[in-house]
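Student: As a plain string of letters, each chain reads:
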Amino acid sequence: MTTNLIDIQNSDVIMATSNMAENHPVGFQWVMKAKERGAKLIHVDPRFTRTSAAADMHVPLRSGTNIVFFGGMIKYAIDHNLHFKDYVVHYTNASFLIDPEFKTATDGGGLFAGYDAAKRAYDQKSWKYQLDAEGNPKRDLTLRDPNSVFQLMRRHYSRYTVEMVERVCGIPKEKFVAAAKLFCEASGPEKTGSITYALNLTQHTNGVENIRALCMLQLLLGNVGRPGGGVVALRGHANVQGATDLAVLYQDLPGYHPMPLRDAHPDLKTYLEKTTPKSGFVVNRPKWVVSMLKAWYGDRATKENDYGFDWIAKRASADAYSHQHIFVDMYNGKLKGFFAIGQNPAVGGPNAKLARAALEKLDWLVVQDIFLTETAEFWKAPASPPHREAAGTKNIKTEVFFLPAAPAAEKDGTLTNTMRLIQWHEKAVDPPGDVRSDAEHIYQLGKRLRTLYAGSKAKRDQGILALTWDYGDKHPDMLKVLVEMNGVAIEELRDKDGKVLYRKGEPLKTFADLRDDGTTTSGIWIYTGATVWDAEGKVVNRTASHKKGDEKDYLAHGWGWSWPANRRILYNRASANPAGKPWSEKKKFLWWDPEAPSNVPDKKGRWVGLDVPDFNAFLAPDAKGGDNPYIMRADGKGAFFGPLLDGPFPEHYEPVESPVKNLLSRQQMNPTAKIWKVGDKRNELAGVGSAEYPYVITTYRLTEHHLSGVMSRYLPMLAELFESHFAEISHELAKELGIANGDTITVMSPRGKIHAKAMVTNRFKPFTIDGKKIHQIGVPWHWGYNGVPGLPGSKGDITNDLSATVGDSNVFIQETKAFCCNVKKGVV
Amino acid sequence: MARTLAMFTDTSLCIGCRACQVACKQWNELGMEVPEWTGTYQNHTHFTDQTFRLVRFIEEPKPTGELAWLLMSDVCKHCAQAGCLEACPTGAIYRTQYGTVDINQDTCNGCRYCVSSCPFGVVAFNASSGTAKKCTFCNDRIHNGLGPACAKACPTESIQFGFRDELVARAQKRVETLKGMGFKEAQLYGADSNGFLGGLNAFFLLLARPGTYNLPDSPKLPQRNVVVDSLLSIGSAVLVGLGALLAFRERGQGGGDA
Amino acid sequence: MSLSRRDFLKFGSATAAGVAVGSRGLDLAPVEAAATTLKIKEAKAFHGVCPYCAVGCAQLIYTKDNRIIDIEGDPDTPHTLGRLCPKGAATIQLSNNPLRPTKALYRAPGSDTWEEKPLEWMWDEIAKRVKAVRDATFVEVEKSKDGKDVVVNRTEGLANLGSACIDNEECYLLTKLMRTLGVVYLEHQARV
Amino acid sequence: MLKIPDWEMTIVWYFFLGGIAGGAYFTAAIADNFGSARDRAVSKVGYLLSLPLTLACGILLIADLGTPLRFLNMLGAFKFWNPMSIGAWGLGVFGLFSLLSSVLSFSTSQQMVGLRRKLSLVGSIFGFFLAAYTGVLLSATTLPFWGDSRLMGALFLASGASTGMAAISLIMFLGGTAAGEGWGKVKKADRYSMIIELVLLAVFLGLLGSAARPLTSGQFAPLFWGGLVGVGLVIPLVLEFVGQRVKAVAALGAVLVLVGGFVLRYVVLMSVQA
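Protein chains in written order, with our numbering: chain A, -2 to 825; chain B, 368 to 625; chain C, 67 to 258; chain D, 409 to 682.
Simulated from the structure, these hints should not be mistaken for lab results. Each hint can be trusted.
Computed footprint of chain B on chain D, listed as stretches where at least three residues anywhere in the stretch have a Cβ under 8 Å from a Cβ of chain B:
| no. | stretch |
| --- | --- |
| 1 | 479 to 492 |
| 2 | 534 to 547 |
Below, simulated DSSO-like cross-link-like pairs (lysine-lysine); rule was C-alpha separation at most 27 Å, straight line:
| no. | chain 1 | residue 1 | chain 2 | residue 2 |
| --- | --- | --- | --- | --- |
| 3 | C | K209 | A | K271 |
| 4 | A | K331 | C | K214 |
| 5 | A | K444 | A | K477 |
Calculated Cβ distances over 12 Å to all of chain D for the following chain B residues:
| no. | residue |
| --- | --- |
| 6 | A369 |
| 7 | Q527 |
| 8 | K546 |
Here the structure is a predicted model, which means the values were calculated and not measured. All C-beta atoms, glycine included, are put in the ideal place defined by N, C-alpha and C.
Generate the whole structure from the sequences, applying the supplied hints.
Tutor: Right under this line is the structure:
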């Protein structure tokens, strides 16, 4: 998230699009605090949840129509002149002029300029700025030029009227207008609003565009980088932020460097050229990458061998290796060996039945977890007709290794929370029996592989042998690993004047000191600064600091350590106006103090305030780039116009499975969405308006359970909080189908079916979509076939057996928030 | 007696997360139970010997026709005049120096009279220990300067812990604020020491009338009728006695063989 | 670290001694003392972080004799103020749980049961299998789109899923090892 | 939602036997003090009956505790407003009276008889108490119907007296001592008690109104109307009048009264806890 949970209390309006009260209850206290201070809470959600119960206004929208909602808001704000004009002109690319060839989806029948139907992809050649003679983007600060981003955006969203919102989302006009007015009025110098999101926006075939739409609304209202504003991304796992930073993901390397591609990045030089922009802060990428390679391969990484760049695998294609690719390829027999570490795809991923079937095709599977997950015991899964009649244990040839893993309380290490705060946790007890930390399992595997490959002269094995892999005898020393991630000076480092900056081996204090000449290491540049040396050369672990906040430092910079550089609110330069003064006294946060000492002797002026500047602290507002708060972007501006694979502006398309036709254009679904073809009818899809699967279904989580249930269904204290697996349906649908509260029902999709108890509730209501009644049901997805003996309700059918293998075009995320199903009373 | 401690449960702040319910179980080491289907998110209809905190989920339309999901973390009320305490024949149920009501597990003999004497259905019998159980107000914690586990965990400060007088003052202010915000039925339940049961040391702020939350409007001490009932019994004794007297004094008449 | 005093509130004249109560008849003093003995008083306290969602609630983990006896929110935590949700409040059962396997388990092909195996055996066998698959499926050089030979050092026979449930240091070691082995199928829960 | 104490058959028997014990003792005392010498059999049977029943009551009461070994804790607090507390004390004290009276009932010494008679007048108070307190105990709960009943103690007392008398007469019948005048007197006293009970029951129901629903409608209604009102009260009364002269019929009436007394406790306890 761009902001900090604590700072939500400064919001004037909070628009929760996620179910924050249920999924992030402890964070939600800051929303409640803001409410006590007079803020309003709008909850935008198809379901009436515990967040709605706390909200001033609940705005139900049909699942899969978020962009219409945000687009409607954007249009409303512009039409009513509610946008924060100074912010938009100076801090965003609204004033930039776009190539005249570019056409918005309004002019392209739902498609942007450059669509190639055969490739199902865009040629983005017109999606670019007009440049002046010096190569800088042309701008029109009046925002009137028809080719300006602002005018294009306006044109693009001209179709997103309140009537359209009502017809597509099913939100009554008056309700939408009330919400739009309330939220958009929290703009300007005196007010800010924040928006939360989580998987409600991501799990769609236009997931990335959903989030972009949200961000655009926030930019338009001047709500980013300012206290009480921001994009509140709420992550689901304790370390989903950290695991993403550390790039346990197909597309990148630690610190958000693209994972090399065969065609684009044949060697380090080309890689760095292609991935390093000409301006903005990312010009430093070579320093970060080289330092990472030095951390990984130590002395064996030299300038001559590209610092071992070749030892890192190169991808054959950008359209490969994602979660869903893994299971399709596994099902097709391509994968032989598979590790599931603290993850339970037999329950937790889309089309889970396919995932379980795919596991049967493996030679071997290693599961590392606290409990025996459904993935570890997939060979014990109950029958799933028509594909698997009975538990065919004998026919499953997969070898399974289960390594018992320790929970956080039994090991040292850091977790990075949703606001980028890195916190160290201590090992409180030894793990029991043969249980070991994940680190030890991984470390031991690496050690054994290095032994197996020892002596190999083959070029391809040299990376393994070069790997720095010495963290102790048995259990790796986690602080040593953290210091490696932070990075150290390999030799004594001096500045230009010869002054010693770092002693040999000293951890680096800031990523600004990283070098691309092989004299520094840093496993992940954004974490540089997390550990330092004290005067005696002893490591000080800043992630383990426990200093409370106070009135002077409400964001508590002494508690843990937040990347980057312990900043708590990103883009905080935007909290001051272009001249460097606070927009208002009330929203004062970071400002330019012309009298404060500079870093250069005899010069004055620096950015000061309540946070570490997310900016060059000594760059004056009137200097070149002094009004570019978005330092990670080459142009320094927040992007309304931001080319993704499916368009530079978010456009509404219906989910892949939808009961209705797209009312905004003739493009029914995202024209670039990824749809996998899987054999044996394992990924059938319902057609538009299918009579067989007439209802919208959304899947979600509950406060009392955790994701695929591994950390809740096996815990009596949590597993007992729900009587059984259930599906929530409206009284209206229940009446139509003759279902009473507590009846067992069957929910079916083209991929599978599940049984659950019907929870008939007023919290679900049918939507009126373009005059037609559309029912939506909701099913939590925590259940699986393992659980607590003696608590029958801790086990249940796997909701993800219903979802499809389809993905967003940019990141291949699944679409489990909106698809189609049927509901029948009883066990069908 | 020390200054009276209390818990104030402000249902207008409750998000129904059930942290209190679990934190209570964790601290008090209460066992697993098979839940019952209640038709909503609630896992029990009532308190048990293993559930001292219970979050209630009530769907109730607002006067405006919109839906309200009333969420409430319910608990032992620690009544100033406690039916259970009065009913206890062993003295196992006692009032602590802080005004809370606790059951001494080493003296309770499991007669279960307290179970039927609680106006709120809080006290429950535990078959394995053979004793009555209920919220202890985390007696061990409050005697060591810690707040109750539930209040400590509560993410939204729906459960507040502190001195009763201070909490009541805060609660009264909160009701006024809520009324100003349009919650016409916002009201305190059990805050008034001159009200029913002499006031509750775990009192509540409700957003609807008590009945909506399954709470009695005006709970009464069950022992209030003992004197009347006893006098009526004595009356009955007099009648029966007279009848017997009459029968035995009528010497030589009736009865026996003719 | 010993039990930290800052976890304590200040009120009244609270003492740990047995309290005089309106008890009639029996002498309740000894049992009173038992009811007011704080189990975490003599315990060691450790800094923990809740392993569930990403709010990152700092916890205090109390232990006695290498066993966790209580886990609570750390009241000093600026962004949580020591509060927890039900999952956080149940963290203790991730450790103290009879359902936890404490031995490494192996399931042979076609078998319908688990067998307990020594850890060393498991690590050795897994390493052997990783090597076998890597060696069999390894692609060292591949032609790029424009026909040039590119060193790709990649295996498409291995995949790794997870994890957002493990620590940063663990993720780092994992990424470093997997990428160097040539693993390209590398994902975690951010994708689901 | 209010909770039930799970007082089931053990307590039904306790209430029932306690009523008989109290009633029998009191009847014995009346016969002893105010009857003729020919009534001695009545008083002897009454005293001697009350003793084992009281003992049984104590055993039942202890057996029903969650922690029976702690039964003495019952005496750990004396709360005069608490029926359970004074009930425990009362049972103990009555047991003493019952024991003494029983022992003394074998004595013919004038001095001892005088002592016994005086003693029994005081003991009767505890006998009445034992029969009635169980009703007051129920009415001092929060449960619907029980807590709403103002005459539960009075009713239990009348029933206790009646069943006590019925038990005496039945024992006399079975023991072949039903020949004397005493037997007739007991039967007569029982008639009065039954009439009092019937009237009290009517007032009891009247006062309760709809709160009596657990008894008067629902699954326990047939047992209540048939078992208590019909079999336990009306039929015995009719039998008394119709078959007064046939001892077997009168004995049958006594059996029915006992059945009725049991049914009363059973329906009162179980209907609320069903």
